[in-house]
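Mapping of the sequence shown onto the working numbering: position 11 corresponds to residue 11, and the numbering continues sequentially without gaps.
Rather than coming from a laboratory, the hints here were simulated on the basis of the structure.
Where a beta carbon is used, it is the ideal one built from N, C-alpha and C, also for glycine.
Hints should not be assumed to be uniformly reliable.
To be verified - Listed next, with one range per pair, are the computed distances between beta-carbon atoms:
id: 1; residue 1: T64; residue 2: E20; range: 25 to 33 Å
id: 2; residue 1: V55; residue 2: A2; range: 22 to 30 Å
id: 3; residue 1: S62; residue 2: T9; range: 17 to 25 Å
id: 4; residue 1: T64; residue 2: N7; range: 35 to 43 Å
id: 5; residue 1: T9; residue 2: Y33; range: 17 to 25 Å
id: 6; residue 1: V19; residue 2: A60; range: 34 to 42 Å
id: 7; residue 1: S58; residue 2: D13; range: 16 to 24 Å
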Amino acid sequence: MAITHHNVTQLFDSLDVGVELAPTQVWTQFHSYAFDFSVWEIWGALLHGGRLVVVPDSVARSPTTSMTC
Numbered sequence: 001m002a003i004t005h006h007n008v009t010q011l012f013d014s015l016d017v018g019v020e021l022a023p024t025q026v027w028t029q030f031h032s033y034a035f036d037f038s039v040w041e042i043w044g045a046l047l048h049g050g051r052l053v054v055v056p057d058s059v060a061r062s063p064t065t066s067m068t069c
């Protein structure tokens, strides 16, 4: 299902996450693209000038590896 630009920007405008979203932040794209939380991970970084790090599947599927990265 397609998500409109308006809906993505409204998501971030309406949420109070308790942390200022800033260009100095590094975000991980950890969840599958098929999972709606990936919208938050990807666009949270890109809309606020942050850096997006795409986590490889091999790391995402291994909690031990994820903790050491």
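Against the structure, the hints:
1. T64 with E20: 25 to 33 Å: Given range 25 to 33 Å: holds, Cβ gap about 32 Å.
2. V55 with A2: 22 to 30 Å: 24 Å Cβ-Cβ, so the 22 to 30 Å window holds.
3. S62 with T9: 17 to 25 Å: Hint violated: Cβ distance 34 Å, outside 17 to 25 Å.
4. T64 with N7: 35 to 43 Å: 36 Å, holds
5. T9 with Y33: 17 to 25 Å: The hint (17 to 25 Å, Cβ to Cβ) holds, given that T9 and Y33 are roughly 19 Å apart.
6. V19 with A60: 34 to 42 Å: 23 Å, violated
7. S58 with D13: 16 to 24 Å: With Cβ atoms ~35 Å apart, the hint is violated.
This entry does not satisfy hints 3, 6 and 7, going by the numbered hints stated previously.
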